[in-house]
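Residue numbers (this note's numbering), protein chains in the order written: chain A, 1 to 457; chain B, 458 to 766.
No lab work stands behind these hints, which were simulated from the structure alone. Fair warning: there could be bad hints in the mix.
[To be verified] Once the Cα atoms are required to be at most 30 Å apart in a straight line, the calculated DSBU-like pairs of lysine-lysine come out as:
| # | chain 1 | residue 1 | chain 2 | residue 2 |
| --- | --- | --- | --- | --- |
| 1 | A | K3 | B | K580 |
| 2 | A | K237 | A | K191 |
| 3 | A | K208 | A | K191 |
| 4 | A | K267 | A | K249 |
| 5 | A | K450 | B | K764 |
| 6 | B | K679 | B | K575 |
| 7 | B | K764 | A | K267 |
| 8 | A | K3 | B | K575 |
| 9 | A | K83 | B | K605 |
| 10 | B | K580 | A | K450 |
| 11 | A | K3 | B | K679 |
| 12 | B | K685 | A | K83 |
| 13 | B | K707 | A | K83 |
| 14 | A | K191 | A | K176 |
| 15 | A | K450 | B | K650 |
| 16 | A | K3 | B | K605 |
| 17 | A | K207 | A | K267 |
| 18 | B | K469 | A | K83 |
| 19 | B | K707 | B | K679 |
| 20 | B | K677 | B | K605 |
| 21 | B | K650 | B | K580 |
| 22 | A | K131 | A | K176 |
| 23 | A | K192 | A | K267 |
| 24 | A | K83 | B | K679 |
| 25 | A | K192 | A | K237 |
| 26 | B | K469 | B | K707 |
Please read these numbers as outputs of a predicted model, since none were measured by experiment.
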Amino acid sequence: MNKIIAIAVLALRTMTRSRLFVSLMAVLAAAVVLLPLTVKGDGTLAGEVTVLLHYTLGLAAIILGAATLWSACGLIAYDIRDKQIQLVVAKPVHRYQIWLGKWLGLLLMNAILLSATGLAVYLSVRRGVEKSNCSPEERAAVYDDILTGRRRIVPLPESVDEEIHRRINQMADEGKMIPDMPHYQVYAEVKKRVLAERSTVAPGQSKKWTFAIMSAPRSGQRVTLRFSFASTFKERKTVSGTWFVGTEKQPGLFSAPMTGCLDGIHKLVVPAEFFSPGAPVVVTFQNAPRGQSNTAIFDINRGMEVLVHEAGFKSNLVRSLVMIFCHMMLLSALGLTAGALFSFPVAVFVSCSILIMSLVGHYFTLAAGEPPHRCGINHGEQEVSALQEASGRMVKYIDLIIAPTMGRNPLPLLADGILVSYGFMGRAFLLLAVIYPGVMGIIGVYFLNKRELAMPM
Amino acid sequence: MNNNTDNNIAVKVEGLTKTFRDFWRRPRVRAVDGVDMQIRRGEIFGLLGPNGSGKSTTIKILLGLLHPTSGSVTVLGAPPSAVNTKSNIGYLPEESYLYPYLTPRETLDFFGRLFDMKGDVRKERTRQLLDMVDLAHEADRSVGEFSKGMARRVGLAQALINNPRLVILDEPTSGLDPIGCRQVKDLILALAKQGKTVILSSHLLADVEDVCDYIAILYKGKIRACGKVSGLLEERDAMRLTLPVLEPAKTRQVLAAVREIINAEPSIDRPSKNLEQFFIEVVQQAHRETERTGDVSGTRMVAEYLKNE
Numbered sequence: 001m002n003k004i005i006a007i008a009v010l011a012l013r014t015m016t017r018s019r020l021f022v023s024l025m026a027v028l029a030a031a032v033v034l035l036p037l038t039v040k041g042d043g044t045l046a047g048e049v050t051v052l053l054h055y056t057l058g059l060a061a062i063i064l065g066a067a068t069l070w071s072a073c074g075l076i077a078y079d080i081r082d083k084q085i086q087l088v089v090a091k092p093v094h095r096y097q098i099w100l101g102k103w104l105g106l107l108l109m110n111a112i113l114l115s116a117t118g119l120a121v122y123l124s125v126r127r128g129v130e131k132s133n134c135s136p137e138e139r140a141a142v143y144d145d146i147l148t149g150r151r152r153i154v155p156l157p158e159s160v161d162e163e164i165h166r167r168i169n170q171m172a173d174e175g176k177m178i179p180d181m182p183h184y185q186v187y188a189e190v191k192k193r194v195l196a197e198r199s200t201v202a203p204g205q206s207k208k209w210t211f212a213i214m215s216a217p218r219s220g221q222r223v224t225l226r227f228s229f230a231s232t233f234k235e236r237k238t239v240s241g242t243w244f245v246g247t248e249k250q251p252g253l254f255s256a257p258m259t260g261c262l263d264g265i266h267k268l269v270v271p272a273e274f275f276s277p278g279a280p281v282v283v284t285f286q287n288a289p290r291g292q293s294n295t296a297i298f299d300i301n302r303g304m305e306v307l308v309h310e311a312g313f314k315s316n317l318v319r320s321l322v323m324i325f326c327h328m329m330l331l332s333a334l335g336l337t338a339g340a341l342f343s344f345p346v347a348v349f350v351s352c353s354i355l356i357m358s359l360v361g362h363y364f365t366l367a368a369g370e371p372p373h374r375c376g377i378n379h380g381e382q383e384v385s386a387l388q389e390a391s392g393r394m395v396k397y398i399d400l401i402i403a404p405t406m407g408r409n410p411l412p413l414l415a416d417g418i419l420v421s422y423g424f425m426g427r428a429f430l431l432l433a434v435i436y437p438g439v440m441g442i443i444g445v446y447f448l449n450k451r452e453l454a455m456p457m
Numbered sequence: 458m459n460n461n462t463d464n465n466i467a468v469k470v471e472g473l474t475k476t477f478r479d480f481w482r483r484p485r486v487r488a489v490d491g492v493d494m495q496i497r498r499g500e501i502f503g504l505l506g507p508n509g510s511g512k513s514t515t516i517k518i519l520l521g522l523l524h525p526t527s528g529s530v531t532v533l534g535a536p537p538s539a540v541n542t543k544s545n546i547g548y549l550p551e552e553s554y555l556y557p558y559l560t561p562r563e564t565l566d567f568f569g570r571l572f573d574m575k576g577d578v579r580k581e582r583t584r585q586l587l588d589m590v591d592l593a594h595e596a597d598r599s600v601g602e603f604s605k606g607m608a609r610r611v612g613l614a615q616a617l618i619n620n621p622r623l624v625i626l627d628e629p630t631s632g633l634d635p636i637g638c639r640q641v642k643d644l645i646l647a648l649a650k651q652g653k654t655v656i657l658s659s660h661l662l663a664d665v666e667d668v669c670d671y672i673a674i675l676y677k678g679k680i681r682a683c684g685k686v687s688g689l690l691e692e693r694d695a696m697r698l699t700l701p702v703l704e705p706a707k708t709r710q711v712l713a714a715v716r717e718i719i720n721a722e723p724s725i726d727r728p729s730k731n732l733e734q735f736f737i738e739v740v741q742q743a744h745r746e747t748e749r750t751g752d753v754s755g756t757r758m759v760a761e762y763l764k765n766e
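Go ahead and model the full structure; you've got the sequences and the hints to work with.
Listed below in structure tokens is the structure:
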């Protein structure tokens, strides 16, 4: 361990005594200090805080990620090019210790810079909120909705499969199928339509959402219903109605009226005791009769959620920083392994190519969607060339490897006051800091062991 | 270089060949070609040869930095890839290859850590080595600011931080001033006296002649001559008699007597100091007069811990 620490400290010295580090500090400082001064959000305090949290931290993470990848590619590659590695390898040091030491050094640098960035952002947020000229209500809303960590409970998914099959079969019977349209696209389109219909609540109608509560909110914990809807499209009209919270048998244990609400995101505070585990909790919106209200179209994905205040902003920020740090661990491993295999410019090119290919591959896979079962309908075989087939498979295989690392960005949650849970953080740590870097480390060390480190240039 | 039991052999090389290949794996150059040699423990062994003769490549194979194309190599009884064996090896490469942003103190501390040395041992050895290479007063300046000779001295110090049993020095006097060269050679002799094996690679013939017991001369990757230095250089058909300076009459008498014995004309000349010795005397005199410690001084003494074998 002594040797690994020695190499880690050396790597840290290499980075801190380079111009890159000084430049990086300057750019990070600019990102943390200048960005909030130039971007004002939507003019509200909440908008300002959201920008600060989402974009400032996001920009800092991007800058840090690029610098980490750059440094990681150079740490071993430059040692080989400048031949210092010959002195190190001539000592009783295993090559895995070199890789691990350099990795640890990179992590130390990231830990220092991320902590400094996190602290700066935290102080800016606190200062911004305290010094703002906004009303006490607006300030309180920022504390309640953003500077907090709320567990999000989403409704149980509605069963729509049966309805989709029925409609597709009906379309097929009526000869309304679009020729050459792949069956999974038909399925996706019909599903979208069914969900949109189910999210639409006309005057006099009602809609209900069912929640499975795994752990009861503690007494005094703030529980909020947050819902988002649009009213009729052509002109903004208000929606009125009543919200009910209860169980399947007693849906009206708690009720609250909603009067003259314009479309957008709204919240309703509900006493914690109505959310107890056991029987599913049912939330119902009863739209007022025509004349008193208009049609409400709830957002398909974020139309309704229950938010339970669980943690403070500080711990949420720390967990978010830990998750960003996990991403840096992955990038460090990628760069180091590339640097162990190739010269510096080639290592940078290869690392960037891998990142870009992964992101693009993942995007295409998401865009294409996963074909569901064929619903018993034969739409005819699609003409697919061998090249298309091969590239499709390749993208799919790449995505199989990449997908687990995606969707682990904590910043949208942090900026929305949503809890970055220990479970979310733990899974990210396991994947981004242990499994993926571990595999990359094994590859890097294998090639470093095979490589002749004193080849004439 | 003679037949010995394996216990007494520090380095054994048999049929060593190294061919460098290009990107397409096509053979480009054969740097070492069927080299056989044995180096006994406690011996100072010189690898001589012009640039590109394969000296450094052979050394890098001994250290596991390059892999042989064919042949076998054993260093202190183990293959070059054995990491633990390296605890007993000190290596000074042909250039110093130090981290330019580290100071000499940090450099020695770093390499000491790679030998798992305890903090107090590292500190003490660093102090002694910096004294030995006369860099104690520059211990906290970045190595990147050093002249080649000063960096060479740091390189030499790092090669000895672990008190090695086998010291491999590739062009150790390169970049050093004459006093530095002399003192490095004295150091090599002192190390051998402690029972350490020294492999010295150089194309400076005087350096090798001054310190080596055995030499191998390489040319284009092959050993062209190998053996004990005194044996290789000895002129077997002539001898030299050294006398104090005599008066001319007595000189004539001695010459006449010798002429009568050998039945040939003997030659007579005055022995001269070599330039290195003369230079050192002049500088040491100047040093004593000015009491300066400075530019031209080199290694001063052998570090205490290196004497305690």
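Quick rundown of the hints versus the structure:
no., hint, verdict
1, A:K3 with B:K580, "16 Å, holds"
2, A:K237 with A:K191, "27 Å, holds"
3, A:K208 with A:K191, "19 Å, holds"
4, A:K267 with A:K249, "25 Å, holds"
5, A:K450 with B:K764, "38 Å, violated"
6, B:K679 with B:K575, "43 Å, violated"
7, B:K764 with A:K267, "81 Å, violated"
8, A:K3 with B:K575, "12 Å, holds"
9, A:K83 with B:K605, "16 Å, holds"
10, B:K580 with A:K450, "35 Å, violated"
11, A:K3 with B:K679, "38 Å, violated"
12, B:K685 with A:K83, "33 Å, violated"
13, B:K707 with A:K83, "63 Å, violated"
14, A:K191 with A:K176, "16 Å, holds"
15, A:K450 with B:K650, "38 Å, violated"
16, A:K3 with B:K605, "28 Å, holds"
17, A:K207 with A:K267, "17 Å, holds"
18, B:K469 with A:K83, "26 Å, holds"
19, B:K707 with B:K679, "52 Å, violated"
20, B:K677 with B:K605, "28 Å, holds"
21, B:K650 with B:K580, "25 Å, holds"
22, A:K131 with A:K176, "62 Å, violated"
23, A:K192 with A:K267, "26 Å, holds"
24, A:K83 with B:K679, "26 Å, holds"
25, A:K192 with A:K237, "24 Å, holds"
26, B:K469 with B:K707, "55 Å, violated"
Consistency note: the structure conflicts with the earlier hints numbered 5, 6, 7, 10, 11, 12, 13, 15, 19, 22, 26.
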